[in-house]
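Peer 1: If you read the sequences in order, they're chains S and B. Under my numbering, the first residue of the first sequence carries the number 1, and numbering increases by one thereafter. Under my numbering, the first residue of the second sequence carries the number 1001, and numbering increases by one thereafter.
In short, the hints are calculated from the structure, not lab data. Computed from a predicted structure; not experimentally measured. Fair warning: there could be bad hints in the mix.
With the C-beta cut set under 7 Å, the calculated list includes, among others, these residues of chain S facing chain B [said to hold, decoys possible]:
#1 Leu96
#2 Gly101
#3 Val143
#4 Phe145
#5 Val146
#6 Arg151
#7 Glu155
#8 Arg218
#9 Gly225
#10 Glu238
Here a beta-carbon is modelled for each residue, glycine too, at the ideal position from N, C-alpha and C.
One-letter residues, chain by chain:
Number of protein chains: 2
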Amino acid sequence: MATGKQGKVTLVSAGPGDPDLLTLKAAKVLASADVVLLDDLVNPEIVAFAPRARVIRVGKRGGCRSTPQAFIERLMQRYARRGLHVVRVKGGDALLFGRAGEELAALRRADVTVDIVNGVSSAFAAAAGLGVSLTHRDHCQGVIFVTAHLRDHSEPDWAALAATGMTLAIYMGMSRIDSLCATLARALADATPAAVVQWAGSANERRVTGRLGTLAARARAAGLGSPAIILVGNAMGEAASFDMDSNDAGSEALRRSA
Amino acid sequence: MATGKQGKVTLVSAGPGDPDLLTLKAAKVLASADVVLLDDLVNPEIVAFAPRARVIRVGKRGGCRSTPQAFIERLMQRYARRGLHVVRVKGGDALLFGRAGEELAALRRADVTVDIVNGVSSAFAAAAGLGVSLTHRDHCQGVIFVTAHLRDHSEPDWAALAATGMTLAIYMGMSRIDSLCATLARALADATPAAVVQWAGSANERRVTGRLGTLAARARAAGLGSPAIILVGNAMGEAASFDMDSNDAGSEALRRSA
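Looking at chain S on its own, in the form it has when it is part of the complex:
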């Protein structure tokens, strides 16, 4: 490990799972890392891009034993102050959910230099798996990325979100998919196209398409669980695999390139 130079932290987005979905910049940054701090949901195969680095796992998975946030922040500062290049790796794009805001603020307060490298967020990978645009202009004006897992255990205002007519891309919603779909179905037609994509953008990706009214039951029947993206909205009716009468018929018609 190098010393005597100015240390820094780079916040790197690992994308949805497939190491090939790292950006070229992320791969370069990992190659120069002295220390890598790896989140739980990041594919561990990416450490192959950081052969020089000491790798520390700092999982923060909902409900499980996890590394306290304050400890992670102190760890980054300590290594950076030693003149090391610390690469903090988060799944998807680091700037969507995942507490990057708190880590950036803490590093800024500590006067540590931070760079940020973007990546592919899971909902985009989910749409690619389904062969569908998140925002087909025949159907909507945009897409809402929302987490169902709120700090105070409350719920987003699903009715207000549904009323916008936009595609909903719901993160961290699988533990409450039944109540979530039931609530949405009070504002949207039961027949609204919807989908669940588990492990989107990874080798283990699994998908169910259907209608809002029956999505939760179908996802359960197919054995889908966390981590997954729930997509709801008329644009999802354009999915290659969209078929209200089967679990995943036709989903092989379009797949990500090998």
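We have chain S; now place chain B onto it with these hints.
Peer 2: Structure of chain B alone, referenced to chain S:
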């Protein structure tokens, strides 16, 4: 150019501009391309990744002379039917705005195999430039990606979007930034943090941060125009460069890694 094999189309997301923000997969796909169809807003430097390919520019910029959509779709089908690997490159992530939905549907109807490669959408690059998370959990439950440029020249329901309390990431809004901010200011406080990032994620990136009530004037004073992302919401107050009294003070404190 190869013949006698099964052709196909790969829809590749070029990211926001910096060629280093291509994914590893996008670089591999470009390397194997026989024909590359390039959108106007894609950085032309990426053709260096496709040395074997015939490159065709098919710009579709708002208001300018552009290649008709039907022609682009026929072109892709024709080359794919000749057994060629056609790579259709779109800026940002191809599955957010940009008519990928229509192209996928046309190719599917023509029975042409399509793969999709995700990328980094501009709003993520804009947030990285600002050194801010799109969704700091102290401030919001998510982010809305919306286009201000609707097919029928109507406007999104800005009041309803503002009422969700989420970060707004507005694409293609610069030509109407005054009316857009004025409308949002009827639903949100004038003091709501906001930002404009032009050419986000490229070497030409330029940023203004401020408050909703004065954002349009400040963006104009700074000479910012299309293409740009407009970001509005309390989470933007965490930006490294956030300073209500100056155009871009402190924006150098955080920058993307070189």
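Peer 1: Please flag the earlier hints that this structure goes against, numbers listed from lowest up.
Peer 2: 7, 8, 9
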